[in-house]
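Each chain is listed here by its residues.
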Amino acid sequence: MSATTPDRVSRVFVGLVLATCVTWWLGSDSTLASGGFELAATLSILIAFVKIFYIGADFMELRAAPVILRTVFLTWVGVFAAVAIAMVVV
Amino acid sequence: MTNRRPRTESELPEFLGGTTEEPARPPARPMTKSQRHIPGEAGLWLFLLGDMTIFAAIMLAFLWKRRADVGGFKDAAHQLIQPIGGVNTLVLLLSSYLVVRALQAHRAARYVTARRLVVGAMGCAVVFAGLKAIEYTAEISAGHTPASRQFFTFYFILTGLHLLHVVVGTALLAAWQLMCGRRRAWSATQRVVEGIACYWHMVDLLWVAIFAVVYLVSAE
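From first to last, the protein sequence lines are chains A and B.
Note that the first sequence covers residues 1 to 90 in the working numbering.
Note that the second sequence covers residues 1 to 220 in the working numbering.
Bound-form chain A, shown alone:
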């Protein structure tokens, strides 16, 4: 992993804003009216945890952190996301 540069931070920020708009759209009534509730719910959670990963990696600067810290954070994100999706879908 490389250190977070100002350009990269700006790109990540724009990506996070766009991802928020997508999840918001996924949760809107007009989207849900077309069906696929479980898919929309799964995608909402997945996108949220991808956002959380990038907040950790680039905003909290975990890209430049020791492997153990990155691993613990990634495990938290992965386990929380997996259990949350399982509870919604299964």
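These are computed hints drawn from the structure, not numbers from a lab.
Computed from a predicted model, the values in this text were never measured in an experiment.
Virtual Cβ for every residue (Gly too), placed ideally from N, Cα, C.
One thing to keep in mind: the hints can contain errors.
As the list claims (entries may be wrong) - Derived, one-sided and incomplete: chain B residues facing chain A with beta-carbon distance under 10 Å: (1) H37; (2) A42; (3) G43; (4) F47; (5) L60; (6) Q79; (7) I81; (8) Q82; (9) G123; (10) Y136; (11) A197; (12) D204; (13) A209; (14) V213; (15) V217.
Claimed, not checked - From chain B, some residues computed to sit far from chain A (all C-beta separations above 12 Å): (16) I38; (17) G40; (18) L49; (19) T89; (20) Q104; (21) R116; (22) A129; (23) G130; (24) K132; (25) P146; (26) T153; (27) Q177; (28) Y215; (29) S218.
Stated by the list, open to error - Label-pair restraints from in silico Cβ distances: (30) A:L39 <-> B:A185: 49 to 57 Å; (31) A:A82 <-> B:L161: 21 to 29 Å; (32) B:A57 <-> A:L39: 23 to 31 Å; (33) A:V83 <-> B:R191: 32 to 40 Å.
Given the coordinates of chain A, assemble chain B onto it according to the supplied hints.
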């Protein structure tokens, strides 16, 4: 005709936001395997990860209870003002971005810029709290209290605890902007400032999860 180039902060007079000293170059980022850098300090991360895990446990308990009453939770989630949740997500993302840029400015000894960015992040926190107050007022006026339904018990616990973190984070940001005002050197403040920044990013990422789980997934 003369070519005018934009002035950098260090060239401007101090009252216009310029720095009086030569801006120091940011310290070389330790990137070798043996010298990787822990933002803040190790103890702080025990606290942050513990706090995040408590929130995760409450959200998973919320999703577990939802399984027994999907219709009831869906109906209750539709009572929330989703646009306020969405706008608050964007507001906190913006505040996190400002905090990252403030950290970079502080590292480069651009204290005036860093202070302005931190104050901007505090402004975002005030907007967040204001919108949350509007939302709480609307919910309570509609009879949705922590005791009314299980959904709202979780809603008020999660968002209330999160709002408490926003208040604490804002106080920490205020302390940071005072450090910038006093031009405290990066070497003397690195751990504290990085810790404050990480705490604020945790506040942001927790809201991202709360918005997805409580506002979006429950309504689906």
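Hints and how they fare:
| no. | hint | in the structure |
| --- | --- | --- |
| 1 | H37 | holds, 5 Å |
| 2 | A42 | holds, 8 Å |
| 3 | G43 | violated, 12 Å |
| 4 | F47 | violated, 13 Å |
| 5 | L60 | holds, 6 Å |
| 6 | Q79 | violated, 13 Å |
| 7 | I81 | violated, 13 Å |
| 8 | Q82 | holds, 7 Å |
| 9 | G123 | violated, 17 Å |
| 10 | Y136 | violated, 21 Å |
| 11 | A197 | holds, 8 Å |
| 12 | D204 | holds, 6 Å |
| 13 | A209 | holds, 6 Å |
| 14 | V213 | holds, 7 Å |
| 15 | V217 | holds, 5 Å |
| 16 | I38 | violated, 6 Å |
| 17 | G40 | violated, 9 Å |
| 18 | L49 | violated, 6 Å |
| 19 | T89 | violated, 5 Å |
| 20 | Q104 | violated, 6 Å |
| 21 | R116 | holds, 16 Å |
| 22 | A129 | holds, 19 Å |
| 23 | G130 | holds, 19 Å |
| 24 | K132 | holds, 17 Å |
| 25 | P146 | holds, 22 Å |
| 26 | T153 | holds, 18 Å |
| 27 | Q177 | holds, 19 Å |
| 28 | Y215 | violated, 7 Å |
| 29 | S218 | violated, 9 Å |
| 30 | A:L39 <-> B:A185: 49 to 57 Å | holds, 52 Å |
| 31 | A:A82 <-> B:L161: 21 to 29 Å | holds, 23 Å |
| 32 | B:A57 <-> A:L39: 23 to 31 Å | holds, 26 Å |
| 33 | A:V83 <-> B:R191: 32 to 40 Å | holds, 33 Å |
In summary, the numbered hints that this structure violates are 3, 4, 6, 7, 9, 10, 16, 17, 18, 19, 20, 28, 29.
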